[in-house]
Amino acid sequence: MPGRPRRGSPNNKLQIACIGGGGGQGACDIAAVGKHADIVAIADVDFAMAFKSFKAFPQAKQYKDFRKMLDEMDRRIDAVTVSIPDHQHAVAAMMAVKMGKHVYVQKPLAHDLYEARRLTEAARIYGVVTQLGNQGSANSRFREAVEVVWSGAIGTVREVHVWSDRPFWPTGIRRPEYVDPVPPTLDWDLWLGTAPLRPYTRDYHPMKWRAWYDFGTGTLGDMGCHTANLPFMALKLGAPSTVEAEPGPNVTEDTYGTWNIVRYEFPARSCREGILGTAGNLGTAAPSEFPFRGDLPPVKLTWYEGGTRMTPWVKETIENLLPGRELAPNGSILIGDKGTMYSPGEYGESYKLLPEEQFKDYRPPTPTLPRPRGEHHEEWIRACKGQGNALSNFDYAGPLTEMILLGCVALRARSRIEWDAANLNITNNPKANDYLRREYRKGWDL
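For the sequence shown, position 354 matches number 354 in this note's numbering, and the numbering has no gaps at all.
A hint or two may mislead.
Unchecked claim - Below 30 Å or equal to it, Euclidean Cα-Cα: the simulated DSSO-like pairs (lysine-lysine) are:
id, residue 1, residue 2
1, LYS35, LYS68
2, LYS360, LYS442
3, LYS300, LYS64
4, LYS442, LYS98
5, LYS68, LYS208
6, LYS68, LYS55
Unchecked claim - Per label pair, the in silico range of CB-to-CB distance:
id, residue 1, residue 2, range
7, GLN25, ASP74, 52 to 58 Å
8, LYS300, PRO249, 49 to 55 Å
9, LEU197, THR252, 50 to 56 Å
To be clear, the hints were calculated from the coordinates, so they are not data collected in a lab. From the three backbone atoms N, C-alpha and C, an ideal C-beta is built for every residue, glycine too.
Using the sequences and the hints, build the whole thing.
Dropping the structure here:
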């Protein structure tokens with residue numbers, strides 16, 4: 001095990017290596033952390049995709065293989081960002097964690113539930129500062145919404161609805177029978193990484209990989225860590241007891257369907273025990289930040305995806321909960337016995353208390369969560385320097401990711417899942433346990 005992770009002093013810049021510099025999110029993450037830290041190296045398997053980042057940070061050493069970058073730059077780096085396709089998140093993050101580097105990982109934390117659990121454990125063992133890329137967590141209104149629910153303003157919540165307008169990419173399609181020429185700037189073998197060997201096609205890269213089981217986690221993996229974040233934190237949901245999915249049309253053995261519904265049931269739980277993934281506590285956060293509320297009731301949470309492609313009855317179901325209001329493309333509804341919280345956004349960055357007449361004079365409670373100074377990436381960088389905590393650290397984000405990925409498992413298994421979180425085991429459908437952990441391609445390990 002490495003020694004204690006290095007922390008930059010408040011007056012010194014961190015030295016950061018970035019895994020993934022292309023596409024949309026990789027370039028955005030590099031640009032964001034580059035405002036507050038020195039970018040000393042960038043690894044991307046496709047130099048054409050990463051051109052914008054290379055040009056913006058010409059001093060950064062350029063690599064295609066992140067393993068080589070971390071090996072060669074070990075003594076020069078304090079922290080690492082991971083902004084690559086889902087199937088490579090865990091191996092990249094785990095290598096950095098085991099080297100004692102602080103890590104920022106794009107959502108979802110991992111492709112498989114087993115990976116998410118191991119990463120959460122490793123971050124504690126190696127004592128590194130971690131953050132998941134669900135940026136709503138660092139929004140002041142998001143934190144205020146969490147506190148409003150904690151205060152009991154809408155009463156006891158037993159029912160939640162969450163939805164997304166994704167997917168934007170093709171879904172429910174058969175595996176391509178054709179092969180495209182590999183772009184000269186792309187190392188296709190490195191891009192595949194842990195995934196099964198597949199011939200290159202533009203139906204995988206760039207940008208369409210999310211639909212495929214081999215590489216992505218569908219809409220739920222893409223947006224769940226954003227849109228379900230508010231109810232997960234506000235209700236301290238922890239691990240579900242059962243998950244049941246309704247696969248949409250055109251589901252194949254290779255891809256997620258066009259639209260889906262996932263129904264979660266969370267048992268009654270106590271916030272006085274364990275970690276969030278098993279019993280509803282918010283990990284290692286200070287009690288002053290996450291006040292305990294004693295025993296919490298069971299909760300049913302339903303996830304919908306497909307936007308305009310949702311079946312009419314699904315759209316009508318959500319709209320009936322918001323009489324007289326136009327349904328936002330993404331959002332969540334928390335239904336309490338004293339009122340309803342409606343969050344019309346991707347990140348939980350806004351909320352409304354309903355009925356409006358009842359809450360017209362309402363004032364939010366005194367803040368208990370620290371308010372962020374700057375945006376999400378800056379919160380992580382400050383935490384790396386010993387200035388406060390990153391709210392969406394792996395102690396919180398690991399269990400959140402596990403919940404999301406369990407929905408992906410249910411979609412693939414197409415059956416009701418009964419979940420034993422402590423033992424990472426599906427008790428009623430042994431075959432579905434095959435979806436909890438992949439066998440990596442030779443040359444890759446966690």
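For each hint, the structure was consulted:
Proximity of LYS35 to LYS68 is assessed by CA-CA distance (about 25 Å); at most 30 Å being required, the pair is judged to hold. Note on LYS360 and LYS442: the hinted pairing is violated, with a Cα-Cα distance of about 61 Å set against a maximum of 30 Å. A hinted pair counts as satisfied when its Cα atoms are at most 30 Å apart, and LYS300 with LYS64 does not qualify at roughly 44 Å. For the hint pairing LYS442 with LYS98, the CA-to-CA distance comes to about 20 Å; that is within 30 Å, so the pair holds.
Taking the CA atoms of LYS68 and LYS208, the gap is about 27 Å. The hint holds against a cut of 30 Å. The suggested pairing of LYS68 with LYS55 holds, with an alpha-carbon distance near 21 Å, which does not exceed 30 Å. At roughly 25 Å, the beta-carbon separation of GLN25 and ASP74 lies outside the given 52 to 58 Å, and the hint is violated. About 25 Å separates the C-beta atoms of LYS300 and PRO249, a value inconsistent with the hinted range of 49 to 55 Å.
In this structure, LEU197 and THR252 break the distance hint of 50 to 56 Å, their C-beta atoms being roughly 19 Å apart.
Hint compliance for this structure: hints 2, 3, 7, 8, 9 are broken, all remaining hints hold.
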